[in-house]
Amino acid sequence: MKKVLFVCTGNICRSPMAEGFFRELTSERGGFEPLSAGLSAVDGQSPSTNSVTAMDELGIDIRAQRSTQLTPELVAEMDYIFGLAHGHVDNLVRYFPQAREKIFLLREFVDTLPRNEREISDPFGRDLGVYQACRDEIKQGVESIIPFLEQQSMTDEINTQMTFALGADHGGFELKENLKAHLDGQGIAVQDYGPVSDDSCDYPDFAQAVARSVASGQHTMGLLICKTGIGMSIAANKISGVRAALVTDAETAAITRRHNDANVLCLSATQTGAETAKGIIDAFLKDDFEGGRHERRLD
1 MKKVLFVCTG
11 NICRSPMAEG
21 FFRELTSERG
31 GFEPLSAGLS
41 AVDGQSPSTN
51 SVTAMDELGI
61 DIRAQRSTQL
71 TPELVAEMDY
81 IFGLAHGHVD
91 NLVRYFPQAR
101 EKIFLLREFV
111 DTLPRNEREI
121 SDPFGRDLGV
131 YQACRDEIKQ
141 GVESIIPFLE
151 QQSMTDEINT
161 QMTFALGADH
171 GGFELKENLK
181 AHLDGQGIAV
191 QDYGPVSDDS
201 CDYPDFAQAV
211 ARSVASGQHT
221 MGLLICKTGI
231 GMSIAANKIS
241 GVRAALVTDA
251 ETAAITRRHN
261 DANVLCLSAT
271 QTGAETAKGI
281 IDAFLKDDFE
291 GGRHERRLD
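Residue numbers (the numbering used here): 1 to 299.
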């Protein structure tokens, strides 16, 4: 669920309308949670009467929304933040520079408008006609960001799909084939770098192919198997960005993920049975790097 925040000044006119439009336009799509806040808001206020009336005309009820003061905690929780005017964007970046990459102007993606006409002016204190014009500009902006957000979500989904690169030598061929079927059965995408038989071959060729694919980001993780696992781990660790770990049990597999951020798993075909190896892989996949004190030890 991606959280999308709309920001104006007092969070009683423009941003409540933006939140209302976004909720209405994405209700069937799902995958998004809209919120709104103000740079100088008083918590708990209702949307302005003219904002409510203008949105009512389009069948969108924003009466239940309440104003919220923007906080660092709220900014940190958001995936995307849209300011209604240039001043909002400038202040968001000034106050929260760490969030710069997720801050946008609402009508930034309306290419038919010159850049100096893309902000939406504050209607506060004006008549209903001004609010109606403001409402229409906000609707235009919200409609323009939805394709962008959907494309970003698709990209994130592709980027987070786990893929496994596999490699072995002749001594690890049989176990590799067994574990490949195990990964396939879990719906994990696998690329097998070989070998295709148990004919004699040189392990460094396969170790480097798998390691390079992981280091480049082509694959999320790697699995390498030879008779002892030692040669594979040595060869893989020669590639920058690879943290290959020789593991003999599930507990160690979990620890090397949590503490060492290992991204290539190495196994001994002579010391590790197929069922034990499956448990090792499952533990390796289940855990994530904890960071914290462990992170500085990797730098």
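There may be inaccurate statements among the hints.
[Unchecked claim] Each computed EDC-like pair below joins lysine to aspartate or glutamate, with the alpha-carbon atoms no more than 20 Å apart:
1. K102 - D127
2. K227 - E143
3. K180 - E275
4. K3 - E73
5. K227 - D261
6. K238 - E275
7. K3 - E77
8. K238 - D198
9. K180 - E150
10. K139 - E24
11. K102 - E174
12. K3 - D127
13. K2 - E77
14. K139 - D127
15. K180 - D199
16. K139 - E108
17. K227 - D202
Hints in this document: simulated from the structure, not taken from any laboratory.
Consistency of the hints with the structure:
1. The hinted pair formed by K102 and D127 fails the criterion: a straight-line CA distance of about 33 Å is larger than 20 Å.
2. Taking the CA atoms of K227 and E143, the gap is about 58 Å. The hint is violated against a cut of 20 Å.
3. Between K180 and E275 the CA atoms are separated by roughly 13 Å; this keeps the pair inside 20 Å, and the hint holds.
4. The straight-line distance between the Cα atoms of K3 and E73 is roughly 13 Å, inside the 20 Å bound, and the hint therefore holds.
5. For the proposed pair K227 and D261, the alpha carbon gap of about 24 Å is over 20 Å, so the pair is violated.
6. Between K238 and E275 the alpha-carbon distance is near 29 Å, which puts this suggested pair outside the 20 Å criterion.
7. Our distance criterion of 20 Å between C-alpha atoms is met by K3 and E77, whose separation comes to about 7 Å.
8. For the suggested pair K238 and D198, the alpha carbons sit about 25 Å apart, so the restraint of at most 20 Å is broken.
9. Simply put, K180 and E150 have alpha-carbon atoms about 33 Å apart, too far for the 20 Å limit, and the pair is violated.
10. For a cut-off of 20 Å, the pair hint linking K139 to E24 stands: about 11 Å separates their Cα positions.
11. Of the pairs offered as hints, the one joining K102 and E174 is violated, with about 47 Å between alpha carbons and a cut-off of 20 Å exceeded.
12. Of the pairs offered as hints, the one joining K3 and D127 is violated, with about 32 Å between alpha carbons and a cut-off of 20 Å exceeded.
13. For the hint linking K2 to E77, the alpha-carbon distance of about 10 Å falls within 20 Å, and the restraint holds.
14. Straight-line distance between C-alpha atoms of K139 and D127 comes to about 19 Å, which keeps the hinted pair within the 20 Å bound.
15. Distance restraint check for K180 and D199: the Cα-Cα separation of roughly 19 Å lies within the 20 Å cut-off, and the hinted pair is therefore satisfied.
16. For the hint pairing K139 with E108, the CA-to-CA distance comes to about 13 Å; that is within 20 Å, so the pair holds.
17. Between K227 and D202 the alpha-carbon distance is near 12 Å, which keeps this suggested pair within the 20 Å criterion.
Of the numbered hints stated above, those contradicted by the structure are hints 1, 2, 5, 6, 8, 9, 11 and 12, listed in ascending order.
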